[in-house]
Amino acid sequence: MAEFFAQHMPEWLAYLLAALIHCALLIQVVAVGALVFIWLERKVAGRIQDRLGPTRVGGKFGWLQTLADGLKLITKEDLMPEGADGLLFRLAPYISFCASFCAYIALPFSDGWVAVQLNAGVFFILAVMGLEVFGVILAGYSSASKWSLFGGMREAAQVVSYEVPLGMCVVVPVLIAGTMDLVEIGRMQQGWFTNWLIFHDPFTFITFWVYFTCATASVNRAPFDLAEAESELVAGFHTEYSGLRWSFFFMAEYGSMFAVSGLAAILFFGGWNGPLPIADWLGLTHANHPVLGYLGNFLGMLNFVFKCCLWVTFMIWVRWTLPRLRIDQVMKTCLKYCTPIAAVMFLGAVAWTYLFPGGVTGLGTPYGDRYLVEVKAPAAEESPATEQAGPEEKTAARQPASRQPAVKRSAAGATVARADHQKMFAEGDR
Amino acid sequence: MELSALLPILLGIAWLLPLASFTLIVLFGPRMGKHGVGASYLATSAIAIGALCSWFSLFCWFGHYGFKPAEHGAGSQFAAADHAEALTPALSQGEKETATDHESYPRAYTNDLYTLGQFGSLKITISYYIDALTVGMFAMVTLIATCIHFYAIGYMHDELHDVTDHEVTLSDGHHLHRPGRFHRFFQYLSLFCFSMLGLVYAGNIAMVFVFWELVGICSYFLIGFYIERKSASNAANKAFIVNRVGDFGMIIGLMALWGGLGTFAFGDVTDADGKVERGIFSQVRDPANGYALAAPDGMVRSAAFDAVEEIAFEHPGRLMPGAAASEINSRIPSWRADHYGYWLLVIAGVGIFCGCVGKSAQFPLHVWLPDAMEGPTPVSALVHSATMVAAGVYLVGRFLPVFAPEVLLVIAYTGCITLFIAATIAITATDIKRVLAYSTVSQLGYMMLALGVGGWVAGLFHLITHAFFKSLLFMCSGSVIHATHTNEMTKMGGLRKKMPVTAYTMLVGCLAIIGAGIPFLIGFSGYYSKDAIVAQALSFSLANPLHGAVFFYAAVGGAAMTAFYMFRLWYMTFAGPPRDHHIYDHAHESPKIMYRPLIVLAVFAALVGCTVPDWFPALGGLGVQNLLEQARPAGELGEGVLMAGLAYPEEHASHAHSIHVQATVYAFSTALGGFLLATVFYGLRWLNPADVKQQFFPVYNFLLNKWYFDELYDFLFVKPAHFVAFLITFVDRRLIDGFIDNLARWARKLAHFDDLIDRYFVDGLVNLTAAWTYSLGSSLRSLQTGRLRQYVMLIVIGLVALSVLINFASAR
Amino acid sequence: MNWHTFFFLLFALVACGFAVMVVLSSNIVRMALYLIFSLGATAGLFFLAGADFVGAMQLMIYVGGTLVLLVFGVMLTAQGPFVSMKTRGGDWILAALLSGSLLAFLVPAAFSIKEWTNAPPAAAEEHHAAAGRGRAEAKVRFALTSTPAENADAAADESSTAALPGMAAQPATATRLGMGLLGVRVDKLEGRSPELQRGMSGYLLPFEIVSVHLLVVLVGAAYLARSKRRATR
Amino acid sequence: MEPVGISHFMTVGAIMFVCGVVCMATKRNALGVLMGIELVLNGANVNFVALSSDFLTTNPARGLGLDGQFIALFVIVLAAAEAAVALAITLNFYNNHSTVDVDRADELKG
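Protein chains in written order, with my numbering: chain G, 1 to 430; chain A, 1 to 812; chain F, 1 to 233; chain U, 1 to 110.
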């Protein structure tokens, strides 16, 4: 896109413009997503509690209710407690939101549809989402309210603790894929749904559920919403917030939910690849025509968004089903259950990939050997052919004949040779 | 698998397994089962497996070479040399086997297993020398050892728990109470088996010596098993010290051999690069010379060193130029003709025989063996009758090719004297084990006599048969002792009703040892071996009337005495009414584990001497005699060089009908006489032995006191040694100690002075330094402010200063 | 002025500026906040220097872990008098003197080596020749393709046209770092220079040591921070 | 200013380092000192990473290569460990003395 612009305007303007367009598109996901999910949450909550939920605004289903709420929030007075640390109090919601939003930079929505195809994408997303906690902590501190402070403290303890099992869970699919590039991981799972990493082996299957638990905890959703436990802490860290600032926290929360769901979809559920390779059957590939490829990608994006929504819905369902845990239970869940299980799963996955490098079922294409590609001496000569080749060529590359390198290294290293830090500003759209 | 490869491995396993067992018991003995009972299982299974290996290799040997000795070429004098000619080339080529020539079968396998070290030409190796004798010995030793191990499990069961030794009284009047030493007994047994088998397995004289000493130390341990008993520890010491005397001679012999021959190995050993190192046998009896005994070049050269030096001076130049060497070599035959070096050979032979005298308890070193009966009876059965004491005989047999006729004569006389003395003592002894001990000494004398008169097969045959029946006798006596808790035959009697198995197995043993049998038809094992000895003695006496008559009559008289004292023993123990009813009432048959080995050994004692007749299908010729015949050393024994007229007849000559019949008749009739006499005195009790005792009181006393050997030795050696020790103690205590005490007194005074310097001068300096350091430290202490930030500042200041310095330094 | 320079300036300014503010601020909570920004911008600098993995690590462990811990500690102890503890004037003066002198040595030292300034050699030919060796061009362009096919084409002639000179010479680091931590230095195989290819020493042992070290620290920290009152009760 | 090179990165590193040192030297709050340490470590890390870069220098062969990044990684990890222990010590200190003023922690002075 930026290249396209660059033909018509100064380069810096072109890149600026491209970046802004990306930002705009991504912020839509967060904002519109939040709108939809808040509505969804109210509807689901209503149904679970045997009532209807919003019904009035925007027709039969009340689907404009969130918008109306938003308008209300905007018009509310922006209050700040007297003893509050003004700067931090104002800053906190933005930090939260920015951190949540930043995660989207590396989240691919479809094959190549990513703002920046980062080499360490998984890592980046985890890192950035971890920053969200700062907003909560600072909000808790700066509110000059003990409820808020308690909430912030709980949040800090919880997030720091849950980052450990979360990171370990994420490592399991990364280990199998051999790359941390989310686009690469997504591409590896193309084809039938048996290729999805969750079906790779029993350990990934269990890992997913641990991941989901930890992700729920790390985005502060019930039953792990200790930081805003209404029954104990009034409203936790955002007790003193009102109006638009308050809504930023919520946007951040829903944004994070969507982001971790997206991460789950890519790491475990084939990302943008549907259960059946319908796009391939229809010929919607770049190999046929760029436009067809674009259509295929669009189909993939719908797939991806559907999966994300599924998991967000699941989180909502969990929230309205399970009671809140006590803080000691939360920590116990993390340290005594999630972490050891994740560790065992990690070891198990290592053993599995070592013992069955070609897979066991014969159902899915073995992709664990993707990272067993020969080193080509100078990095500059590393052809991205493997990456860009069609499925047939990929299969060919996986033939045993190619599995004799003396020194093995990651194909991910080869394929992302060009995915450089500079691409942070680059157009990933094709 | 080739026999040449199989035998060393099988026998090596049999040899090393007891070592493993010993090691394990040493390390874990007390923890093996309850009170270490597992040690016995370990040791027994080790030697049992060894026995299996040994017997398997015996079968292999038979399978390969047949039962009979190789054919002799038409009774010619050189027949033995004939087949031995084939022997030695095969030896020299290691394990080469040419199946085409029947005569060229290797009769011995020898090779180095491992070189321990090489010091110039002296090579110390672990090697093996395996021939029919080795295989036979292995089979005998392991079988008897296995039986005795089983027996010992029962016999030593007292040691499984705490033992109160009634023969040891402590200073407080109580009897000694000590923990059981069951595992330790089996540990020693294993070590002994390892050593004994190693001795038989050994392929060089150095290794033989090592194992020789090892069996000696095992014997020492085992005799002193009840170490708390004064008599036991004394007996152990006695055995050890007496053996040292013999071993001293043996070392001289070894030195003479090595100095003359430059090797320890028995046979010719081919090393890795095909170089043949000639062994002792082929050097002493050169195959090229028809295996005739001749002083080897080395001995000749060292004996004629005057002439050698002269030649060396005649050829100026250093380090024996080639001309001198060739000159010397050319003159060696003439020197040899002048009997240069022959004395060395005699010295070597006598020296080695000295070792055998000690180990085999020959006169005059026989005194230790009866005392060695202080050890547990299984030990007496295994070590002091069947195997270790026979090792001397074995070594004489092994070294027979090296012994000059003069040496053989010494051996014969020694054996003869021993035979007679021991037999006479055995007649009067009342301790059941001592009777057997003197019997053992006497029988060993028989063997020595046999070897000394050139009866190679006869002596070794008797060694093997004797091992079976003597171990059987000892074990039976052990069984009796086990039942009655006494050694005194005067307290026994009539026990055959109480312990029939023991009684009748012992009867078999007695019959075997006296050589009972139906003349010319069949007999117990002793019948064959003793006949062979008597026949050989007769054959020798025909050739040498002077010496031979002594030997022959000693052998025959010995047979009579043997029969008398053995049946005296049996009758006193088992026959007639009991002499001590208290003991009789408490006597009982031994447990199964003890009497079953007796039965096994009784079968062997009865049958081992037989040779399966030739007409018997498949097994014709199977027998110990034929097996030993296969190992007979090559070459005739020859004639005396220093003693003219000393001639050794071929052993085959004694098989001649005239000699054979004569010998059998003599041996049988004398034995029968002895038997009848014993029956009259002790079995039927028609005559009272006490009358005889009174009548021959001085002789009886003389015999009862064992010819006063112990008193004689005490007077000759022990007393003078004590006196010298007393003198030395006096010098030590009065003169040397006094001198040293004075020195110490002076040193103390000096030290006192030194102490003053140390205290006031040196310490003062050190204290001063310490005080300075202390004051410096306390003044510097205030620098340590404890202010973290100050420290950081100082670090930064240091950093900046360092940068400045570096800047200036690099700017320059 | 290109994007690279621009972002460098941006991140450098943020990093240095907030670092200075950490020093100047007397409120401990504010300090923590500034530190977060400073270290976050440092992560940006790492990305700019091509160390994307280290940058992500910086974000995840440093900013996301260590600093959360720090803030946690701040909040546990941030009671009245300790929130802002003023530094005495004398200290300030001393610190300013020292920092000034330290900077006065460090900054010239940073510029003391010619090649570190990355200034192109005088002649333009050399400039191009250097580009072939993988030296970064001052002018950074971006590989932008709209289709995979084009992408492949662009990648195929990457080595010749050096569309992304700097990047091409420095491929993504995550895998190679991972392999290096496992003891296999694949980066040394990539022909950076024969000088560097010598030896294949990896970092397996340090990696293991650090792992164990972390475990020890975890236990030790838990031990130190445990509640002692409960034990006496 | 252009192009950006190792020197520029190192300048940033130097500034962060000096800030950290000053922070350590002036802050009385133990946690402030801790932050100073973090800054110092980061300043060092910037240098390591810059030196490991290929395109910030005209002679990448003389750079640290990937080793610089390895060291930076280890620094980060060890800094985390250090922070954990330091925080634990600080909290302990706070428990025992009810203060986090490092100037009060001078019981071992000479």
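These aren't lab readings, by the way, just hints derived from the structure by calculation. C-beta: ideal position from N, C-alpha, C; glycine also. Check before you lean on any hint, since a few could be wrong.
Only part of the chain U face toward chain F is listed, based on derived beta-carbon distances under 10 Å [what the hints assert, rightly or not]:
hint, residue
1, Ser7
2, Val18
3, Cys19
4, Thr26
5, Glu38
6, Val49
7, Val85
8, Leu108
9, Lys109
- Item | Structure versus earlier hints - violations, ascending order | 8 and 9
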